Amino acid sequence: MSQATETTTAVQEQKKDAWFSPKNRKLITDPIGDNNPITIQILGLCSALAVTTQLKPAIIMAIGVTIVTAFANLIISAMRNTIPNRIRMIVQLVVIAALVVIVDQLLRAFVYDVSKKLSVFIGLIITNCIVMGRLEAFAMANKPWPSFLDGIGNGLGYGAILVIIALLRESLGSGTILGYQIIPQAFYTAGYVNNGLMVTPAASMFIIAIIIWIQRSRNPKLVDIS
Amino acid sequence: MNFFRNQLDKVKPYAEKSKFLHTAYDAFETFLFTPKSVTPGTGAHIRDGLDLKRTMVTVVLALQLCLLFGIFNIGHQHFNAFGLYPGLTEGLGYKLLYGLLQILPMIVVVHVVGLGIEFYFASKRGHGVEEGFLVSGMLIPLIMPPDLPLWMVALSVAFAVVIAKEAFGGTGMNLMNIALTARVFVFFAYPTDISGDACWVSYDYNFLHHIFGLQHLTSGNVKDVVDGFSGATPLALAAKGGWEAVTKHYTVSQMFWGDIPGSVGEMCKPAIIVGALMLIITGIGSWQIMVSMILGLLTMGLVFNGYAATFPTTNQFLSVPFYYHLIIGSFLFAMAYMATDPVTAAQTATGKWLYGFFIGVVGMIVRVLNPAYPEGWMLAILFMNVFAPLIDHYVIEANIKRRLKRSHA
Numbered sequence: 002m003s004q005a006t007e008t009t010t011a012v013q014e015q016k017k018d019a020w021f022s023p024k025n026r027k028l029i030t031d032p033i034g035d036n037n038p039i040t041i042q043i044l045g046l047c048s049a050l051a052v053t054t055q056l057k058p059a060i061i062m063a064i065g066v067t068i069v070t071a072f073a074n075l076i077i078s079a080m081r082n083t084i085p086n087r088i089r090m091i092v093q094l095v096v097i098a099a100l101v102v103i104v105d106q107l108l109r110a111f112v113y114d115v116s117k118k119l120s121v122f123i124g125l126i127i128t129n130c131i132v133m134g135r136l137e138a139f140a141m142a143n144k145p146w147p148s149f150l151d152g153i154g155n156g157l158g159y160g161a162i163l164v165i166i167a168l169l170r171e172s173l174g175s176g177t178i179l180g181y182q183i184i185p186q187a188f189y190t191a192g193y194v195n196n197g198l199m200v201t202p203a204a205s206m207f208i209i210a211i212i213i214w215i216q217r218s219r220n221p222k223l224v225d226i227s
Numbered sequence: 171m172n173f174f175r176n177q178l179d180k181v182k183p184y185a186e187k188s189k190f191l192h193t194a195y196d197a198f199e200t201f202l203f204t205p206k207s208v209t210p211g212t213g214a215h216i217r218d219g220l221d222l223k224r225t226m227v228t229v230v231l232a233l234q235l236c237l238l239f240g241i242f243n244i245g246h247q248h249f250n251a252f253g254l255y256p257g258l259t260e261g262l263g264y265k266l267l268y269g270l271l272q273i274l275p276m277i278v279v280v281h282v283v284g285l286g287i288e289f290y291f292a293s294k295r296g297h298g299v300e301e302g303f304l305v306s307g308m309l310i311p312l313i314m315p316p317d318l319p320l321w322m323v324a325l326s327v328a329f330a331v332v333i334a335k336e337a338f339g340g341t342g343m344n345l346m347n348i349a350l351t352a353r354v355f356v357f358f359a360y361p362t363d364i365s366g367d368a369c370w371v372s373y374d375y376n377f378l379h380h381i382f383g384l385q386h387l388t389s390g391n392v393k394d395v396v397d398g399f400s401g402a403t404p405l406a407l408a409a410k411g412g413w414e415a416v417t418k419h420y421t422v423s424q425m426f427w428g429d430i431p432g433s434v435g436e437m438c439k440p441a442i443i444v445g446a447l448m449l450i451i452t453g454i455g456s457w458q459i460m461v462s463m464i465l466g467l468l469t470m471g472l473v474f475n476g477y478a479a480t481f482p483t484t485n486q487f488l489s490v491p492f493y494y495h496l497i498i499g500s501f502l503f504a505m506a507y508m509a510t511d512p513v514t515a516a517q518t519a520t521g522k523w524l525y526g527f528f529i530g531v532v533g534m535i536v537r538v539l540n541p542a543y544p545e546g547w548m549l550a551i552l553f554m555n556v557f558a559p560l561i562d563h564y565v566i567e568a569n570i571k572r573r574l575k576r577s578h579a
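Note that the protein sequences, when read in sequence, are chains D and A. For reference, each letter of the first sequence is one residue, going 2 to 227 in my numbering. For reference, each letter of the second sequence is one residue, going 171 to 579 in my numbering.
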């Protein structure tokens, strides 16, 4: 959280920037790496466990969250000076809920089978802490364009972890990627067996833990002893 | 010994240069020779030679009898399945040879993978390599089914050592028993290879048969198993048809002496009892945990018996006489070697009683009430491993409270 507030103050100081100035670009790259919402802020774990058995729903979920976070950030940031402070949570929720409904309807219209598989989890983007967290930590204090970029960055950071987990879980757990067989039949006849542990949600906990371990041992600055 | 000394001295100059070689050199030197640094003779230190090395090696020694019987029993069950050498001592040489060839690759794989990872982490962190893995490395082959593919063994060991041990900081820091973590990995990742009736007897290993000219003895095909041989363990039978079904296949003395299919080291109860006594006498295994675990099992067994006698139930496992629970399945092995692991068990005296008792209770619940899991000790011990620090915390808190009260009064 401390890093998020630092970026907040840094952006407030700037007067007028180019659309993709280094500072703005950092808004996108930071959450993918050193300020990742899942591995550093430990947010949004619930959906990371639930939708990552296969790669396809994970990708759709990542896109959904990216869109919702980006546009919620944009809208709230545009409205930030007119929202009464006391009811800001409610206003934020209304915006998020509206966006989630739009995403849900779009999925139902164009990719119905995936929408069925994701079922309740699209609706639950509303409760994804990443969306609310970015609104509170960033959009309420920044201009619309940086807020929009921040939303995209956090959505992508979330999505990147989701895709890594789903890749490992689908390839090791079912021997497929996006439904295509990647482990040749010869392996199975030779005695290879799909890893049943990877299909259970516990596996994504292990994978997230290992990603966190690797990330923090490569960059000791991220280790917080509290 | 001189040979080892010479070899080590030859490597020594290189060991100064590379971090990894230094770790390896250090590990082998302390393993083969008594370290030069000992507790000084003056002062108030405890001058017992019981260091980590002796602790670990005692456990490994206590396991040897189980291993020996396990080797014999793999062969014995294998030939029995094909209707050959039905007597215990008939074809003893073949049985031992078959068992040895089955278990030896597993032991080698476990040690190569486990120690490899251990050496890597130790050299990266500048730690010494401790003897801790030798115990896990001996336990893991003993708790796996005899026919488990070696790549699964390797994968499970790698998982257990990295996730359960190194992630927490290496020897002595682990939260959960490493051997059981390896087994639980196989159990959830490859359930068909470690549960059911087909995996507890080693059926075919054609390659061995060809090398040693044993192919005329057995065709090594599951189809050629003699009629009436099922390979089901007493636990599986009890879950299906209660105690009657068990005694139809196995006598009580068979179950006690270990002439039954199962994981490699868990069958022979006398061998386990001798090992357990060794651990108790040397003070390495805690007798409190063992006794309280038996108490937990008997209590829960009595409750189940009472329930089955009063209420009509379809679960015939409930009415298995509670004392027979001691000799079916892996209870004694888990009690002697798994629950008493000094790192993962509770440390306080009261804590040990609670810890053991609840393992007994939870293990029985899983064993009897859950039809999906035939045996409960692995899950019960891992479960209580996680709670051991909590138990200790409250025991210590209670102690502080009690003493505070005394001083205020």
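One should not assume that every hint holds.
Straight-line alpha carbon distances no greater than 25 Å define the calculated SDA-like cross-link-like pairs of lysine to any residue that follow [stated by the list, open to error]:
| id | chain 1 | residue 1 | chain 2 | residue 2 |
| --- | --- | --- | --- | --- |
| 1 | D | Lys24 | A | Ala337 |
| 2 | A | Lys223 | A | Asp363 |
| 3 | D | Lys222 | A | Lys223 |
| 4 | A | Lys294 | D | Ala79 |
Computed spacing ranges between beta-carbons, pair by pair [as the list claims (entries may be wrong)]:
| id | chain 1 | residue 1 | chain 2 | residue 2 | range |
| --- | --- | --- | --- | --- | --- |
| 5 | A | Thr483 | D | Ala187 | 34 to 42 Å |
| 6 | A | Gly366 | D | Gln182 | 22 to 30 Å |
| 7 | D | Arg219 | A | Val556 | 27 to 35 Å |
Calculated from the structure, these hints are not laboratory results. Every value quoted in this text rests on a predicted model; they were computed, and no experiment measured them. Glycine included, every Cβ here is placed at the ideal spot set by N, Cα and C.
Consistency of the hints with the structure:
| no. | hint | verdict |
| --- | --- | --- |
| 1 | D:Lys24 to A:Ala337 | violated, 36 Å |
| 2 | A:Lys223 to A:Asp363 | violated, 34 Å |
| 3 | D:Lys222 to A:Lys223 | violated, 37 Å |
| 4 | A:Lys294 to D:Ala79 | violated, 51 Å |
| 5 | A:Thr483 to D:Ala187: 34 to 42 Å | violated, 49 Å |
| 6 | A:Gly366 to D:Gln182: 22 to 30 Å | holds, 26 Å |
| 7 | D:Arg219 to A:Val556: 27 to 35 Å | holds, 29 Å |
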